[in-house]
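Reconstruct the complex from the two isolated chains, following the hints.
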Amino acid sequence: MNKLKVAIALGSTCSGCDVAILDLNEKILNLVEVADIVYWPTAMDFKIKDLEAFKSGDIDVGIYHGTVRTSTHEHTAHLLRERSKAVLSFGACAYFGGIPGLCNLSTKNEVFRTVYQDTASTVNPDFVTPQTEVKVGKFDLTLPELKDEGKALRDVIDVDYYLPGCPPTVMLREKLIPILKLVQGGELPPKGTVIASDKTLCDECEMKKENKSISKIVRTHEMIPTPGICLLEQGLICMGPATRGGCGTPCIKALVPCRGCMGPTAEVKDQGAKMISAIASILGVSEEKDLSAEDVAKLIDGIKDPVGTFYRFTLPVALINKKVGVK
Amino acid sequence: MEGFEPVIVGFCCNWCSYAGADLAGISRIQYPPNLRMIRVMCSGAVDPALIMEALRRGADGVFIGGCHPGDCHYMAGNYKTLRKITLLKGLLPQLGIEPQRVRLEWVSAAEGQRFAQVVTDFIGEIKKLGPNPWKGKNNEQAESGHRSGIDMLRV
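Note that the protein sequences, when read in sequence, are chains A and B. Under the numbering used here, the first sequence has 250 at position 250, and the numbering climbs by one with no breaks. Under the numbering used here, the second sequence has 48 at position 48, and the numbering climbs by one with no breaks.
For reference, chain B alone in the conformation it holds in the complex (with noise of 0.2 Å):
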């Protein structure tokens, strides 16, 4: 598609990728700047719900980056985002969304060259995708959905 700038929302741990990019940025690697990034301690902290939230919210892509497996700082929270992000991928074409758009990486916080490697194929992808259907619908959700229940012993 002509003109489509994606937006992409990314989660980077804070051990690996997200000092990869840092990387990145100090070696002066160019890559475009599409991905908007938020850091995380660990890949495996992302609940499914926040990138649930950003895809509703018109997010094109969802970018998620961790350790490479057996380099986890804590010990084992990348293999519980890679099933969790599969599962995730899994019913996304259920709702009408590309599974695509959904995009887990192992990256090293040495490998500033794959950082910029990876996001640009992804950005590159995503504007293959074009944009996310959500985009631009009235994405705010009525009502938090917080509610209380009673104390079952009073009534």
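Chain A on its own, in the form it takes in the complex (with noise of 0.2 Å):
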């Protein structure tokens, strides 16, 4: 059987997915055994001429992780996309603009403003900021340019698949080897398949649950949670309702709060909204006839930083996305 050829792209990202590839072990040997990797710019010298040099259909699995942000991952993608037979979006930032997405919460024009004036180590009386093009002697040097928003994958070009997660877990990415055979022996999976479990992630999560009250929020390095009990119920934001799962719960078994990392279920649309509702079902319940609408903004003032907390890591596919224009 003829080997696949894969490719591995990337935007905006911190490479933690590339490391995740690497860190399959010595069943990366599998994985060399069912694929020859053609492109990786982050484990060897390519440039994106190499990834142009391939002809339209060349590639059979494109794999792209990171955000969308500037003209060169928009670039990127379409080139993967119409060089690929399939498409993957490879980690939480791909798939829903991850972390970096979180740039939606200040407009581009506010970004150049912090970095090249307001800091306070910054000296630019005549606010000069980088332009895409500039001309040095002979030379016409160019810089990729920034866009507006940091955008999903998904929202720039077509996707077949997807594999959730910052970056995915283990469990998750040994599976990306059984899927390789399937697409290798011709039996693709459905497009729109999402490799991750289809219920939340407490329906996987061992922790006990039993008492659906909690009477205020506690902050991560505010306590220690007692093992083995719901850290919700701890008081702990833990975004495991409204989270889908199949990574396996490792944060949680470490005693810390799931972050969302592997995105809304499928049902859902906006997971910050719906994070909201599970947390306002169960915050100060047994108490609620006597709390008065300040006590309830006061417990609510508990959680710091709500955008950051509900949409770390879907705020570009969330309803919404973006902070549009200043009055």
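Don't take each hint at face value.
As the list claims (entries may be wrong) - SDA-like mimics (lysine to any residue), calculated; alpha carbons at most 20 Å apart, straight line:
#1 A/K323 <-> B/E98
#2 B/K137 <-> B/P93
#3 A/K212 <-> B/G77
#4 A/K147 <-> B/K137
#5 A/K298 <-> B/G90
#6 A/K323 <-> B/G130
#7 A/K212 <-> A/E233
#8 A/K199 <-> A/P241
#9 A/K27 <-> A/L182
#10 A/K49 <-> A/R81
#11 A/K212 <-> A/D290
#12 A/K216 <-> B/A76
#13 B/K137 <-> A/V324
#14 B/K135 <-> A/D148
To be verified - Listed below are several chain B residues computed to face chain A (Cβ distance under 8 Å; list not exhaustive):
#15 D47
#16 P48
#17 E53
#18 G70
#19 Y79
#20 L88
#21 L91
#22 Q94
#23 P133
#24 W134
Simulated from the structure, these hints should not be mistaken for lab results. Virtual Cβ for every residue (Gly too), placed ideally from N, Cα, C.
Quick look at the structure:
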């Protein structure tokens, strides 16, 4: 059987996803059995022209990780789509925009103003900012253009498969190999398949859940959680109720509340909105009749940075996914 | 702003505030016509995603009407509404939307006058705020986002 040609391209990423692929440990040999990696700029000296050199449909599986934030990321994504038979969106950033997607909380102008003018160590009276093209002597130098917003890969190109997680856990990554074997045999999974569970994280979480009421929100540095008891019940904001399962709950097993990197389940459009509903249903339930609007506001004030908590990984695909214009 | 007529989406619970609106109508109490009302069984059933969807699609304000605390037809739905709306309003400023665009009011079935009063107040406040920044943007989401996972055991 012919080996699959796999290309790994990237956008705005911390490259943790590249490390995650390497981190298959000895199973990377099984990966190499089924696939030749023909493009992977993080691991080897590939340039975009190497991707351009392929003919249309030459690559069997194109893997993309990272948010789409600049013109180069867009170009890479379109090129990968055109050259590949199937595209896999790898990791939370490509799937939902991820942590770099929180850039949508500031407009591009605000970012430029902060970085090139307002920081204490910057002296820039003429407000000189990077340009996409500049002529130095006889050379034309170019830089990628920073786009107004960070986007999920599926909002830029047509995506066939998704593998969520930040980064995808070992349990999920190892599934890549049998799936690639299926692809090699010509047996493609249905388009839009997410390599994860269909249920929420709470469904597979082994912590004991019995008391559906919390009296206040606690932050992670303020307590050492009791092992074996639901972290949400202990007052920590655990995104489990609004998050897709399948990761194997490594964070919760280490008593760290879920941050939601698997994104929402298939039936949910907006992860943050779902989490608001979940928190509202348990926060202060036992004494709710005695709480005034001010008391409720005080309780909720325990959540610092609500957007960063509820939309840590999914802001670019949320209903209200960016800050639009300032009056 | 001159000539600005806001579009306001209202979610009113069947048992109290919708009945209150009915009473306002029957009593021929006048109030501005900017409110588009949607009857829901309980204010607690209003998913924050519905409010966000309304704002995304350019509604200038969203009004949620429920029973007074203690009067909920379903015992405690309105307490959950209060927490939901407070949470939601807490994150709107970070997203560049004024939290005043979302208003929660308790109106009983006997308070037709109060219904007209709070709606008139709210419309006045939105008129002062001006149009929703999302108005007129390309607001359709590219995809519904409904995707199913594979059965974990099969592979």
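Worksheet entry | Holds or violated: A/K49 to A/R81, with C-alpha atoms at most 20 Å apart | holds (15 Å)
Worksheet item: Is the straight-line distance between the alpha-carbon of A/K298 and that of B/G90 20 Å or less?
Response: Satisfied, since the Cα-Cα distance of roughly 11 Å is no more than 20 Å.
Worksheet item: With a cut-off of 8 Å, does the beta carbon of B/L88 approach a beta carbon of chain A closely enough for the hint to hold?
Response: holds (6 Å)
Worksheet item: Keeping to a limit of 20 Å between CA atoms, is the pair of B/K137 and B/P93 held or broken?
Response: Status holds; Cα separation ~19 Å.
Discussion item. Hint B/Y79 vs chain A: min CB-CB distance below 8 Å?
Written reply: holds (4 Å)
Worksheet entry | Distance restraint between B/K137 and A/V324, which requires alpha-carbon spacing of 20 Å or less | holds (9 Å)
Discussion item. What's the verdict on A/K212 and A/D290, does the C-alpha distance respect the 20 Å limit or exceed it?
Written reply: holds (18 Å)
Worksheet item: Would the hint on B/W134 stand, with a C-beta cut-off of 8 Å toward chain A?
Response: holds (6 Å)
Practice prompt. Sort out whether A/D148 lies within 20 Å of B/K135, counting only the CA atoms.
Written response: Judged against 20 Å, a Cα distance of about 18 Å means the pair holds.
Worksheet item: Does the structure keep A/K199 and A/P241 at a Cα separation of 20 Å or less?
Response: holds (10 Å)
Worksheet item: Is the shortest C-beta separation between B/G70 and chain A less than 8 Å?
Response: holds (7 Å)
Worksheet item: Hey, A/K323 versus B/E98, does the alpha-carbon distance stay inside 20 Å?
Response: holds (11 Å)
When each numbered hint is compared with the structure, no violation occurs for any of them.
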